[in-house]
Amino acid sequence: MIELTRYFRLWLKLASQSFMRELLDRWNAGLFLAGKLMRFAFFVAFLLALFADAPIIGGYSKEQMLIFFLTFNILDTATQLFYREVYRFRPMVVSGDFDLVLTKPMSALFRVLAGGADPLDFYMLILYVGLLVYIVIQMGVVSFISVASYLLLLINGFVIATGFHILVLALAIVTTEVDHTIMIYRDLTMMGRVPTDMYHQPIRGILTFALPIGLMMTVPAKALMGLLSPWMLLLSPVLGLLFIVLCLRVWQYALSQYASASS
Amino acid sequence: MKTYIQIIRLTWEEMMEYRLNFIMWRVRFVMQRLVVYFLWWALFASRETFFDYTQSTILTYILLSGIVATFVTGTRVYGVGELITRGDLSNTLIKPINFFSVYAARDTADKLLNLFLGIIEVALLLSILRPPVFVQTDVMPLVLAGMAVAIGTVMYYCYAMIHGLLAFWLPDVWAPRFLSFVILEFLTGALFPLDILPEPLSTFIRLLPFQYFMYFPVKVYLGQLTVLQMAGGMAVGLVCVGILWYVMAMMWRRGLRKYAGEGR
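Taken in order, these protein sequences are the chains called A and B. Using the working numbering, you'd call the opening residue of the first sequence number 1 and step up by one each time. Using the working numbering, you'd call the opening residue of the second sequence number 264 and step up by one each time.
None of these hints come from the bench; they were simulated from the model. Cβ atoms here follow ideal geometry from the backbone N, Cα and C, with glycine treated the same way. Any given hint might turn out to be false.
As the list claims (entries may be wrong) - Derived contacts from chain B toward chain A, CB cut-off under 10 angstroms, selection only:
(1) R291
(2) Q295
(3) F313
(4) F441
(5) L470
(6) G486
What the hints assert, rightly or not - Covered by chain B, per the in silico footprint, the following chain A stretches (three or more residues, Cβ under 8 angstroms):
(7) 33 to 46
(8) 50 to 62
(9) 156 to 162
(10) 197 to 205
(11) 208 to 217
Unchecked claim - Chain B is faced by these chain A residues, among others (derived, beta-carbon under 7 angstroms):
(12) T175
(13) M190
(14) M191
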């Protein structure tokens with residue numbers, strides 16, 4: 001417990017430094033924020049355009065589709081808010097500066113994973129959560145159990161996303177490649193903007209179990225709308241747990257391969 | 264000419280310096296196309312048409328727009344921003360070569376490699392997925408689509424260069440570039456054809472130059488535009504090229520007056 005508190009205080013310190021750094025140039029921060037808002041607005045416009053031509057797509061209504069899209073955005077933005085430092089890891093390995101992290105009295109994984117929170121994603125997260133709450137209230141079909149299941153499965157999705165980021169870091173140590181790997185992950189998660197059960201087989205199966213994007217994004221939204229089967233509700237956290245344990249093993253292996261080549 | 268051929272060869276070597284990075288970059292291109300392809304494939308699961316598009320025309324649109332995008336928007340010009348902010352532009356200025364020609368040569372290298380690999384990758388996707396694609400057999404749309412790609416290519420060169428030249432006035436050009444990427448992601452028609460959007464939004468977006476980077480050439484290929492629309496589109500495209508070229512040249516002249524070689 002003491003250790004957990006220490007890491008929480010450490011994270012607050014690192015996050016506040018990162019926030020100050022990112023907001024130093026207000027003009028740039030404003031442009032980034034505008035870009036994020038535009039990306040969101042454009043895809044919503046696309047979804048609304050589709051629903052103008054068909055009232056039901058893949059068995060889902062417009063409001064349900066927006067819930068899937070907002071759940072995708074909440075998870076995607078939360079992971080970027082916490083794990084932005086992953087995008088800056090490659091120069092650390094290439095230059096040998098990772099040595100400096102290894103010598104510090106804290107978990108190296110914690111530092112390179114969560115050492116640089118992004119304030120702009122924090123603002124976006126507020127917007128997405130607000131919109132989700134508004135749509136859910138408008139639909140008026142949720143219960144306490146569905147909200148609790150949603151939150152539980154959202155945390156599970158975050159754990160799986162954490163696993164993916166750990167894998168990217170591990171790959172960076174072994175190969176010094178991060179830039180494209182993390183963007184491939186981002187591109188793949190884009191498939192979660194719509195419910196993954198809309199896709200044809202075998203894509204649907206791959207997105208649910210092999211690359212668990214469905215577990216991350218579609219399953220929580222379905223739980224919120226009361227569309228999830230009980231066995232999936234039980235299976236998802238188990239799969240999430242297995243995935244993160246596997247990713248941590250891979251990280252331990254990668255760390256043993258670090259050669260500190262450029263330092 | 265020999266100098267510029269040498270620049271093309273050096274750019275290829277530079278691009279393939281980190282082999283895994285290069286491979287992952289191509290994997291990413293394929294993944295991006297697949298993500299959009301699977302989305303549209305899923306949307307057509309319960310319908311014959313969406314708007315005026317059949318499954319065949321939309322899948323052709325998605326795959327072809329991938330090749331067009333990789334050629335038109337493949338560029339090395341985005342490095343210009345860092346070149347200016349780090350003061351490395353001084354190295355180019357003292358050499359007896361034209362700055363814009365150097366980057367045109369570097370872009371040529373990038374586009375040729377992109378086109379070569381893009382065709383192979385899309386051919387692989389076609390052989391694996393076997394989607395119902397539309398093959399244009401008329402010569403006229405093919406020729407005009409080629410012309411539209413040429414217009415889009417020159418326009419994109421100016422557009423990307425203008426972004427880079429902003430570094431004469433801004434300490435960091437990454438934020439405007441990010442905004443530009445977001446705009447390009449949607450307003451070029453990479454995710455969906457622009458004419459599926461409701462009016463007047465669709466008409467407004469098609470008045471912007473972004474459609475020439477992807478949407479317009481592919482629509483010409485599909486033969487979905489009238490002769491008047493094609494001729495009008497080409498004429499407006501050429502005017503846009505002229506305007507962007509003028510802005511680019513003006514920014515270069517004014518920027519050089521401001522440039523102090525900071526960072527050297």
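Evaluation of the provided hints:
1. The interface hint given for B/R291 holds, since its Cβ lies 5 angstroms from the closest Cβ of chain A, which is under the 10 angstroms cut-off.
2. With a least beta-carbon distance of about 5 angstroms to chain A, the hint placing B/Q295 at the interface is held under the 10 angstroms criterion.
3. Taking 10 angstroms as the C-beta contact cut-off toward chain A, the hint placing B/F313 at the interface holds, the least distance being around 6 angstroms.
4. For B/F441, the suggested interface contact is upheld, since its CB lies about 5 angstroms from the closest CB of chain A, less than 10 angstroms.
5. The beta carbon of B/L470 is not positioned within 10 angstroms of any beta carbon in chain A (closest approach about 17 angstroms), and the interface hint is therefore violated.
6. Here the hint on B/G486 is broken, as its CB sits about 22 angstroms from the closest CB of chain A, past 10 angstroms.
7. Only residues whose beta carbon comes within less than 8 angstroms of a beta carbon in chain B count, and the region 33 to 46 of chain A has 9; three or more means the coverage holds.
8. Using a Cβ-Cβ cut-off of 8 angstroms, 6 residues of the region 50 to 62 of chain A lie near chain B, which meets the minimum of three, so the contact claim holds.
9. Counting residues of the region 156 to 162 of chain A whose CB lies closer than 8 angstroms to any CB of chain B gives 0, so the stated coverage by that chain is violated, three being the minimum.
10. Requiring three or more residues with a Cβ within less than 8 angstroms of a Cβ of chain B, the coverage given for the region 197 to 205 of chain A holds, as 4 such residues are present.
11. Note: the region 208 to 217 of chain A has 0 residues with beta-carbon separation from chain B under 8 angstroms; the three-residue rule is not met and the coverage is violated.
12. Taking 7 angstroms as the C-beta cut-off, the interface hint given for A/T175 holds, the closest approach to chain B being about 5 angstroms.
13. Checking A/M190 against chain B: minimum C-beta separation of about 5 angstroms stays under 7 angstroms; hint holds.
14. Restraint check, A/M191 versus chain B: the minimum CB separation of about 5 angstroms is within 7 angstroms; hint holds.
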